[in-house]
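*Asks:* Here is how the chains run, residue by residue.
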Amino acid sequence: MSKRKKNGEHSEGGSRGAKIFRYFIMLLVMIVSVYPILWVFISSFKKNPGGLSLPDEWIFDGYVTIFTKLDIQTYFINSFIITIISTVISVAIVAMAAYVVARMKFFGRALVTLMFSTTLFIPSVSISFPIYRLLGDLGLKDTRAGVIFIYSGLGIAVTYFILQSYFSTIPKEMEEAAKIDGCGYTGTFVRIILPIAKPGLATAGIMAFLNNWNEFYFASILLKSPEKMTIPALLGQFTSAYSKNLNGMFSAIIVAVVPTIVIFCLLSETFVKSLTAGAVKG
Amino acid sequence: MKKKKSRLNKRTGFILYFLMPAILLYLIIYAYPLINIFFTSFCEWNSKNFVAPRFLGWDHVFDNYRKIFTVDANFQRALINSIKWVILTMLIQIPWSVLVALVLSKRERGWRMTRNAFVIPNIISTAAIGLIFLNLYSPARGIVTEICNKIVPGSNVSVLANEKWAFWGVTFSFVLFGGSSCLLLMTQIFSIDPGIYEAAKVDGASSLQIDTRITLPLLRPMIGTVSVIAANYGLLLYNEIALISGGGPDNSTYSLSFYIYKTALGSQKLNFARANTAGVIQIFLGILLVGCINRLFHTKDGE
Amino acid sequence: MKNKVFSSILALAMTVSFVSAAGQTVLAADDGGDGLPSVTFTHGYYHDESEWAPAAEMRKIYQEFADMHKDEFTFNIVADQGGAEGIYNTALNDLSSGDFYDIADFGGWDITEAAAGAGAIMDLKPYLDADDDLKAGVGVCYDQNMTADGKIYSVREQVEGVGFWYNEALFKEAGAETPDMWKSWADFDAAVDKLVAAGISPFSMNAGWPTNILAAGYSQRDEASREFYAKGREIESFDDETFRQTTGFMQKNVLEKIDAAHFGPGGDDDNQYMLDFTSGDSAMLFNGVWAAGDFTDCEAGIENLKPALFPTDDGKKAGLLSGGCGYVVSDKLSDEQKEICVEFIKYMTSPEIAGRIVENGIGMVPSTAVDYEAAAGTVESPAGKLLVEACRTLNTADIKALGWGNNFGGDVEGEYQNKYAGLKDGSKSVDDVIKELDQALEAAQ
Numbered sequence: 001m002s003k004r005k006k007n008g009e010h011s012e013g014g015s016r017g018a019k020i021f022r023y024f025i026m027l028l029v030m031i032v033s034v035y036p037i038l039w040v041f042i043s044s045f046k047k048n049p050g051g052l053s054l055p056d057e058w059i060f061d062g063y064v065t066i067f068t069k070l071d072i073q074t075y076f077i078n079s080f081i082i083t084i085i086s087t088v089i090s091v092a093i094v095a096m097a098a099y100v101v102a103r104m105k106f107f108g109r110a111l112v113t114l115m116f117s118t119t120l121f122i123p124s125v126s127i128s129f130p131i132y133r134l135l136g137d138l139g140l141k142d143t144r145a146g147v148i149f150i151y152s153g154l155g156i157a158v159t160y161f162i163l164q165s166y167f168s169t170i171p172k173e174m175e176e177a178a179k180i181d182g183c184g185y186t187g188t189f190v191r192i193i194l195p196i197a198k199p200g201l202a203t204a205g206i207m208a209f210l211n212n213w214n215e216f217y218f219a220s221i222l223l224k225s226p227e228k229m230t231i232p233a234l235l236g237q238f239t240s241a242y243s244k245n246l247n248g249m250f251s252a253i254i255v256a257v258v259p260t261i262v263i264f265c266l267l268s269e270t271f272v273k274s275l276t277a278g279a280v281k282g
Numbered sequence: 001m002k003k004k005k006s007r008l009n010k011r012t013g014f015i016l017y018f019l020m021p022a023i024l025l026y027l028i029i030y031a032y033p034l035i036n037i038f039f040t041s042f043c044e045w046n047s048k049n050f051v052a053p054r055f056l057g058w059d060h061v062f063d064n065y066r067k068i069f070t071v072d073a074n075f076q077r078a079l080i081n082s083i084k085w086v087i088l089t090m091l092i093q094i095p096w097s098v099l100v101a102l103v104l105s106k107r108e109r110g111w112r113m114t115r116n117a118f119v120i121p122n123i124i125s126t127a128a129i130g131l132i133f134l135n136l137y138s139p140a141r142g143i144v145t146e147i148c149n150k151i152v153p154g155s156n157v158s159v160l161a162n163e164k165w166a167f168w169g170v171t172f173s174f175v176l177f178g179g180s181s182c183l184l185l186m187t188q189i190f191s192i193d194p195g196i197y198e199a200a201k202v203d204g205a206s207s208l209q210i211d212t213r214i215t216l217p218l219l220r221p222m223i224g225t226v227s228v229i230a231a232n233y234g235l236l237l238y239n240e241i242a243l244i245s246g247g248g249p250d251n252s253t254y255s256l257s258f259y260i261y262k263t264a265l266g267s268q269k270l271n272f273a274r275a276n277t278a279g280v281i282q283i284f285l286g287i288l289l290v291g292c293i294n295r296l297f298h299t300k301d302g303e
Numbered sequence: 001m002k003n004k005v006f007s008s009i010l011a012l013a014m015t016v017s018f019v020s021a022a023g024q025t026v027l028a029a030d031d032g033g034d035g036l037p038s039v040t041f042t043h044g045y046y047h048d049e050s051e052w053a054p055a056a057e058m059r060k061i062y063q064e065f066a067d068m069h070k071d072e073f074t075f076n077i078v079a080d081q082g083g084a085e086g087i088y089n090t091a092l093n094d095l096s097s098g099d100f101y102d103i104a105d106f107g108g109w110d111i112t113e114a115a116a117g118a119g120a121i122m123d124l125k126p127y128l129d130a131d132d133d134l135k136a137g138v139g140v141c142y143d144q145n146m147t148a149d150g151k152i153y154s155v156r157e158q159v160e161g162v163g164f165w166y167n168e169a170l171f172k173e174a175g176a177e178t179p180d181m182w183k184s185w186a187d188f189d190a191a192v193d194k195l196v197a198a199g200i201s202p203f204s205m206n207a208g209w210p211t212n213i214l215a216a217g218y219s220q221r222d223e224a225s226r227e228f229y230a231k232g233r234e235i236e237s238f239d240d241e242t243f244r245q246t247t248g249f250m251q252k253n254v255l256e257k258i259d260a261a262h263f264g265p266g267g268d269d270d271n272q273y274m275l276d277f278t279s280g281d282s283a284m285l286f287n288g289v290w291a292a293g294d295f296t297d298c299e300a301g302i303e304n305l306k307p308a309l310f311p312t313d314d315g316k317k318a319g320l321l322s323g324g325c326g327y328v329v330s331d332k333l334s335d336e337q338k339e340i341c342v343e344f345i346k347y348m349t350s351p352e353i354a355g356r357i358v359e360n361g362i363g364m365v366p367s368t369a370v371d372y373e374a375a376a377g378t379v380e381s382p383a384g385k386l387l388v389e390a391c392r393t394l395n396t397a398d399i400k401a402l403g404w405g406n407n408f409g410g411d412v413e414g415e416y417q418n419k420y421a422g423l424k425d426g427s428k429s430v431d432d433v434i435k436e437l438d439q440a441l442e443a444a445q
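Residue numbers (full-length UniProt numbering), protein chains in the order written: chain H, 1 to 282; chain A, 1 to 303; chain F, 1 to 445.
In short, the hints are calculated from the structure, not lab data.
Any given hint could turn out to be false.
[Claimed, not checked] With a straight-line cut-off of 30 Å between C-alpha atoms, the simulated BS3-like cross-links for lysine-lysine are: (1) H:K224 x F:K257; (2) H:K179 x A:K10; (3) F:K400 x F:K135; (4) F:K135 x A:K164; (5) H:K224 x F:K135.
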């Protein structure tokens, strides 16, 4: 037991029945999550995609056309630039507001939460005309900067909810100690709260990153030049271009999806490290 | 006295200073559309006067609301479906995500891989998920029909061609994918002080008891947060519908968001007034929902 | 201190915005900088040649126009990556902020009502009336696109020409009479029954496009039915005997004749009905003349595939021909720029370009000045020959009706095709469908 305690990476034990149950659930998760994509992956090598079986004959045509013809890395770089900058901006801005609301009583506090809540439910159809006009007026139509600006504001509600609930779990003694040490409000936030809240910030960041990474509606309205487009737009293009060629469409799905999965798996390791770092301090 | 006052001012300044960027962003991106949605829901605004919404007049001020609830069968269906989807996410996705989070937090061999796998359906774009399910459900090349035929030979099920099944077809394209909720919950579980567990173990608590008596109560605020996010997803369901069922068959899988899109941009009539009426209802419903969930999970947070 | 980080990030973002915005402006200024009048034309043929060869040919046609006139004016050509739908959506957004394209090809997405209501687009009728060649070039578009107050906001260089296709080998195998011999819809029924008896799926359908084509075709069966159909968007109730018959026919004689695997959910991505036909699994395909482009090297064998017209019960032959929304020109342009746009439309609808559109397998043209016999001689590819043949066949139709969606409008089209699944599995009766359609009409008021 004592050996396990020190090493947090291993099973925490439990009865045999509990173990079987856990593995059963894990298996279920694997099937539900991975099978659909695996099915597409296998089908993408079939001449006529579909069915349960393995391909009779392995066909690579779809992949060959995609890699030889499309400038995929441009799309990836665009997605990266747009998503990372907008995520950093929105997490930074929202973290400040969420901290204030979570830790301080002031007039209009509930109003701020209500304000963020409304953003969750505004239909994107209704928001698109004003945004389009705004970017037109700013001269940011069909620019990456315009999309970054909009993305910074799009997911603020989710980021806000995550950070607000995270900040409110941080023990109050931390701040009080800082105040006694002569830290100002800003100093407390920057030197005490932010380091403790790293796991929360990382989580909110990942959520915002994924949302922006996959956003399609505004990307398709605001970006018109092929050299500025993001990955989801690419997929939209694939479906119309390959609707007659299933082999191509299935390959396109895989090409659009696999790099995202790889990026996530790599990121998730850093993410876990920040989690354990937070757990020690919290 | 004097010192306290200056500290108070400093405090107010700090609050304003920290809230300002977020509020500014909100005002620029959301404030105008919000006001616009609300006012135009009392207007006539469609393809005939596309650039100039016209107020309906005080005698007819609630006409859009009256019509939407009396003659518009698509809206009524959309409203009922959206509420159903909210309930289903709460009943299926949330308990499922909590269960998986608890199981994975035991760090059995392969937990990381399972966690990553669970998040995959959430990180790839819904456009891809939509296409995948469209193909899975296709009677000609998908597997659902093939599997059903193996169980009941000759049943030839076509999920998306049947009104009742199509609803479940759409539901199962998202409801089991609780990966990001699970991730949030795991963050919270791992930040629980290990000392609490040690104490419980010393007292001889079983792992089930630890989960139900210690972890779950501590998880409550985070369950509230993921519930808000998931319920919001259920209420606003759009991509899955647009890509998989197209609202059909016979408009049986309309959601509020899909209705709004269809009524405004998806129709030759461009009936933005009616769409925004539904938008107002959607916003109110959403705020009500957040309020209810917050109360339910008691995410009251003091200073 | 962290605040500094926040502000520097913000500042960085701002800088990035302004730099790229500035870059944008510089580029824009470059375009028309040589003093010549300039017009920007936007189209949806963005596809790479290997995906869809007609797109490359269309771009070539546009470019030749620009090159031909490069000393007189600058004709900028922009391909929208979102296709015609993307152009339509952008146009709505533009309208809401008071802008519009100089000239764009809307490829069937009807922007005219909203744009005309906003006073953003110009009436082409005076130009069409003043020039007989231009009027001949736009063909059916002249009448079809004329609004109630006598304006024509859009014309198109292509029309949706629709009859249907059949697989002669499968008809022979089943011993069924081929569509070219049919004298009435009873012959259609007899052939369908023979095909079914031989274990061949007569057609593959979905809750949408192909099924609508057959419904529109059957609606041309006699004078009474045609009269009701021709009312189109003016229809106030679907409680009509001929419409009841059409719906009954769709249920009993069409949808109930095929199994679930040959009935898809419909929608843009549902092309199973095409695949079933080209793979030789179904005997008839309800799709436009352009489907010929997908027949090259197909399993069904291109030599077996033939175009056909719909029969009627009064000895005529019927086809569907719809213009729809195509070129739309901004009203904000100067007279000089408007002339350029009209010049371009004239070029696109000229017999020479019309011939190229047909010969390259791009589609059917409205122009009444095309010699299909001559075109058949110049085309070499089997698919191209088939397209020319289909266009020629369609031109011989006694009755040229609008397609289902163009006739009733997209909303009614959508409502009606929603009912196919219920009609097929018997959960809806013809009366249910008519009642629900009338409810939808009322709700849309």
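*Asks:* Decide, hint by hint, whether the structure agrees.
*Replies:* Hints, one by one, checked against the model:
1. H:K224 x F:K257: violated, 46 Å
2. H:K179 x A:K10: holds, 14 Å
3. F:K400 x F:K135: Holds, at about 18 Å.
4. F:K135 x A:K164: Between F:K135 and A:K164 the Cα gap is close to 51 Å, so the pair fails against 30 Å, i.e. violated.
5. H:K224 x F:K135: violated, 34 Å
The earlier numbered hints that this structure contradicts are 1, 4, 5.
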